Every structure is written in structure tokens, then in C-alpha cells.
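Colleague: Assemble the whole structure, with the sequences as input and the hints as a guide.
2 protein chains.
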Amino acid sequence: MEVPPPLVLKRPLYVPSKTLMGPGPSNCSHRVLEAMSNPVLGHMHPECLQIMDEVKEGIKYIFQTLNDATMCISGAGHSGMEAALCNLIEDGDVVLMGITGVWGHRAGDMARRYGAEVHYVEASFGRALSHEEITFAFEAHRPKVFFIAQGDSSTGIIQQNIRELGELCRKYDCFLIVDTVASLGGTEFLMDEWKVDVAYTGSQKSLGGPAGLTPISFSKRALTRIRKRKTKPKVYYFDILLIGQYWGCYGTPRIYHHTISSTLLYGLREALAHFCAVGLKAVVRRHQECSKRLQLGIEELGLEMFVSREEERLPTVNTIKVPFGVDWKKVAEYAMRKYSVEISGGLGPTVEHVFRIGLMGENATVERVDMVLSILNEAIQSSKLGIKTDLSKI
Amino acid sequence: MEVPPPLVLKRPLYVPSKTLMGPGPSNCSHRVLEAMSNPVLGHMHPECLQIMDEVKEGIKYIFQTLNDATMCISGAGHSGMEAALCNLIEDGDVVLMGITGVWGHRAGDMARRYGAEVHYVEASFGRALSHEEITFAFEAHRPKVFFIAQGDSSTGIIQQNIRELGELCRKYDCFLIVDTVASLGGTEFLMDEWKVDVAYTGSQKSLGGPAGLTPISFSKRALTRIRKRKTKPKVYYFDILLIGQYWGCYGTPRIYHHTISSTLLYGLREALAHFCAVGLKAVVRRHQECSKRLQLGIEELGLEMFVSREEERLPTVNTIKVPFGVDWKKVAEYAMRKYSVEISGGLGPTVEHVFRIGLMGENATVERVDMVLSILNEAIQSSKLGIKTDLSKI
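Chains D and X supply the protein sequences, listed in that same order.
Position 150, counted from 1, in the first sequence is what the UniProt record's numbering calls 150; the numbers after and before it change by one each time, with no gaps.
Position 204, counted from 1, in the second sequence is what the UniProt record's numbering calls 204; the numbers after and before it change by one each time, with no gaps.
Check before you lean on any hint, since a few could be wrong.
You can't tell identical chains apart in this list, so a pair holds if it fits in one copy or across any two.
Each computed BS3-like pair below joins lysine-lysine, with the alpha-carbon atoms no more than 30 Å apart [unchecked claim]:
{"#": "1", "residue 1": "K195", "residue 2": "K10"}
{"#": "2", "residue 1": "K281", "residue 2": "K10"}
{"#": "3", "residue 1": "K10", "residue 2": "K220"}
{"#": "4", "residue 1": "K230", "residue 2": "K144"}
No lab work stands behind these hints, which were simulated from the structure alone.
Remember, it's a predicted structure, so these values are computed and weren't measured experimentally.
Modeller: Structure representation (C-alpha cells):
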């Protein structure tokens, strides 16, 4: 038996241009896209290691950290979650997951596979977790590791009390993992000042880089714990002591760990360079102003935000209740078909309940906000007309 | 404390153009590089899923398989090794690693972390493993899983008896994992006909794609075993049942598993399209002819191949003994400094003993072979002169 070459690969590659205003990825700038057509470099070439060093410095800046153990995992955002848990957890460790949407559950699934005893502390529907709720769960479970998403992209909820959680974790001799995949760039995050032990983020959201490399940083305290593990982390590919050696984090000679994608490094490097040139505070301010403008517009359209408390709304991924009688899918399809603009539906607990509008990186501008509001309104009106037409056929 | 934006990111990105004739990555064609500057697509957009389907068909062709469970892992080649082991191994399983260089040891490290009882069967230095050696180890250990690299890039050894190993594994009710990272495209590989249970390969070698996405395929037999596991695979990110669902492998609706890099998909798609257009047999023939020409040239230069038996030489990564009194590092540095051509040193057991010359994808041409031979000769002569000069100073 011989498998023939597939006919589909005789057709040219087809990539349409879209405005990505869902929960991510967001659009990359021309600078980032062009960088990725540069020739490939070997993973141990000095010029590649130099770019890795530059990326490392950029990550320290966006996390506001001086941690030596700052690097990228060669994988999607989920690989950052894996690496955080994999390195900190040993068999039987008690891990507590903060739940404000789907990501705490995802982390729980991963942690159980690593042999942890997993507990959850869940916020009320559409709310962030209060300090009291978390303290109560700490008292009940005495976790060794606590995980929370600063911003949960499935619900559009932001957790504003990370600083207090840093204190709490120190008090209970617990390690704090913060998922900033959807939040970084849209809100303040001070890794060192807030005593966060592990943070990771998405490259393809507010940073405006390509997906596939995940910035991550481990505190000195976390690193000390990892160095004292009784067993090796369960996954070689996520072993932060080995990856950090390749990234030159520990002052020891660089040792090959895996073949990093130089292409993605170029893109991420340029995204970070732009981010750093604009400045963290200015980036955050712009994301917040855009979200405020969107929220006002949503109100003017007679629509309602899913997260009732204004201070608990994530500026980067905005969740809007789907009005009664409207099919969210038709709205999203209309926006995509007519304008090539992505408006997304919900995820997990919010499926069919919300629209998700991402204002991240290139798309966090006043013009994009006004555009997406106008398209959302038109699409909703059109879907209502659609229903009437359907009814008239009966 | 405030971490300032790093000055290094104010400088422009610097990417020199090199001819990558080490063990990989190899150079990407203009077609592949240009594809990667296309705009980003969402990971669930129909156009992205279409490209994934096309990539899947391309992978089936290069592996010569009809396996449904054919997809990519979003990570470096090592993530393919992880996924193969992670999905097949449960606590206490006996796993046998074939050793012809470093990769069997790497797989052993991974498998132990997954809770396996790991044994090794090691070839004589510079030799492939014979059927007898492997059978003997099967009798001694009765493994549940057997791992072997078809081509070991650290030694330049090719394992020619995969077909027989497929039979052997069936006889012993064992699962056969074949690492084709360095070999695919340079030698025949017939996944289905040879009864291989898991195969994965590198995107950045003979395929000529970017690093960061790893093609992998699981046989129906392997999939049945995985579906009957008592415990979940230890890593969510490598869970082939979930990844395969995202890749549309099982006839069930696509479910989001992670955010795939559309950028890398474009590059891999174009690399596969070119590979398929040329045709598997023609690609293999070209790689083999180039290697033969290189070997002849090496002989003419008075140098010696590391692998003594011609039939055990990997055509893609050619290992050449470093002549007595020559510093391999000076040779490699000379080639890079003067010609921007990568000639690599050894890895693991071959460190300081061999040069490694990769003839893969774009670089598997007669012109490149002649060029690299002439540069190697010049660099070796120059390094000898260097020694003389040094001696004259005494």
C-alpha cells in the first residue's frame, strides 16, 4: 500500500486578513509579522542566544521582576500553566485553585495528573474571589501551592487583590502561581512587589506577539523549593532548571535543552521591543481607556456587561450579556462574514450567555472600539430581523 | 522598586543569514519564510482548521500512514518524544530504550519521570543495533514499550531494521515508538507497513519547515491501548486524545485544547506542500545521493567517516572523525566566520570526536555538498597552520 501525496497541498496557502477582537490571539503588527520571515538561526548560535537574552530582559520588564529564572516555555500559554505546576508540585502536595471561570479547573486537571491533592475555591457567578473566601479555603486546606488567574478570559473577571494574596501565601508558607495570560498589559502587575512566586503570560494577547512561546518567571523562593525537590519534575520538557540553563538564567554554561523556534523568537522580540518603547504604564492606560469607552458604548446600545461590578471587569477581554432572543452565533457570524471582524461567544460557564470582545495590543485603540461597537449593534439588529424573517416563513 | 525598560530592546533586531549545515535546524526556503509573515488566524477559525487538515494529510503522506491519530504537538521535537512516551506509559510499565547515541538516554530520562521501569539496550560504539541484540533484551525485560531512533543525530547512525522491529514488537505484545526526527526524508520510512505504533519527526530538518510544531502519528493499536488506560496521561498538554480532538482526528466535534501558532502552521504547511510536490521517493533519493557524494569527498580529503559500515550511515547528519591534532572548534569557527556556514561538532558520546554535517532539505544539493567539502578542507588546513604558528612562538 502506498499513500499518495494529498491533493489539498497542491492548492496555494490561503490566509485571509481578519481583525481579531475575540479573547485572543490578537493581531500582530507589521513589524512583528515581517520579523518572522527572517532566516532561521540555530538554537545555540550566539545571535540566537543574544535574542533570547533580549527577550528575557523584556519579560523581566513586563512582569516587573528581577528574577533570574525568567524565560520562555516553547509552547502555547497552556505550557506555561503546565511548567508552573509541574515544577512546584510533588506527589501528594495539596494545591488550591481559585476559580473565576474555566482556568482554575484546567489547572486542577493538570495538577491532579501530576499527583497533587486538588481543592477549589470558587467565586460566585460573575464575581471575583474575595480575600475572605480565599483565606477561609486556606484555613480549611492549608495548600502548598495556590493558583489564580489574574484575568479569566472565559468570564472577563479580573482579580484585583493579588498583592494581598502574595501576603497571604507567605503567611501560610504557600507558593503563589498567577496566570496573567489574558490580563498582562491591561492591568497593573508587579511580580516582585506583590510576592508572586510564578507568573506566566500569553505572547499573543496584549503583547501582540505570535502564539507558541510562553513568557514565565519563577521567584528565588520558588527556585529554592524546586532545587530541593525529592523527585525530578515529572516532565523533562517543562523542567525549569534545565530550560533556565539553556536560557542562561543561572550563570552556568548554556546547555542545549530543545530546539527553540527562532522564528517565534524574532516575533516575540519585536513585540516586546514595541511594548517597552511605549512603556508599561502607557500600555495599561490605553487598554483601560479603551475598555471604559467600550463599556460606555455597550450601555448606550442598551446592552449589559456580564460582570456587574465595574472594578472586577477585565479590560482586555470584555464580556457582554447576549440579549434575550438573540442568537450569539448569528451575531458573530455576521461580523465575520461582512467585516472580517472576530467577536467571540462565551467559554465554559459563559457559553451562549456572553459575547467576548478583546481589546488587546494592536486592537486596543479608540478606532477599533468604535468600529466593533457599531458592528456589534448592526449584527444584533440583523440577527433580530433574521428571526422575524424566519417566523414569517411559518 | 521599578524595573526600567531594557536598553537592548531599543536596538534593531539583528538576524544574520547563514547556511545551516549542522544537525538542524536546516534553512527554510523563501516560500516557507514568506508564508510566516502572513497575518495571524484564530486557533478555531475555519481557515486555520483547514490548514491543520492540510498539514495532517501531508504528515500522513510523509509517514506513509492512514492513521486517524495524526497531528502535531505544539512544541519542539522533544515534545514529540514526550507525547509518545506520556500517552503509552503508565506507572510501573517496563520500557526498553534502544541506544545508538544520545536520544535513547533522553527518552529514558523522560520515561522514568513518567513512572516507568526503564531498561537500555546499547549498540557497540559507532554501530547500529542488531536484531539479535534487541531480541535478547526483549527476552530479558519483556518491555511494554520499545523506543528507538531511526537516525541518531549525535552519532550519525541509521537503524535499518525497523521493519523487523515492528514484527518483533507484535510478537512480544510491545508498542514500538520510532523517533524519525533526524531521519525522515533521508531514508525510507513506512509507518503502517512496518507496524510502527508511534512515529514523530522534526519539522526543521529534511522537511524544511520551522521549528516548533512536531508531526506525530499513533497507530490504531496504540490508540486502543491509550483509550484503555487506567489513569489519564500525566500531562494535559501532551494528551493525545485531547489534542487529536482539536485536530479533528476522531470524527468528533473540534474542541479547543490550546492556542496553536498559526504562523508556524503556515510555514509547516508550505514545507509539506513542497515536499509532497517533489515526492517522497525523489526527496529520499536526493538526500542519499548528496550523502554519498559527501562521503566520497571526505575520503578524497583523506578524512574518515565516524560510522564504519556504509549501510549504517545516516544520510541527513553525516559524522566525520576529527583528524588527530585538529581542534574541531577552530574548524567550525573558521567556517562560520569566513563563510557563514555551520559545520557542527559532536554531541554526547561524539563530543570532540566528530564533525557533523547536515544535508537536509534546502541544503541537500550537489552544490552545497561541494561547497561544504571545500570549506571543511580549507578550515582544517587553516586550523593546522594555526597550530604551527603557535608552536613557532615557543
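Colleague: Among the hints numbered above, which are violated by the structure, and what are their numbers in rising order?
Modeller: When the structure is compared with the hints, none of them turns out to be violated.
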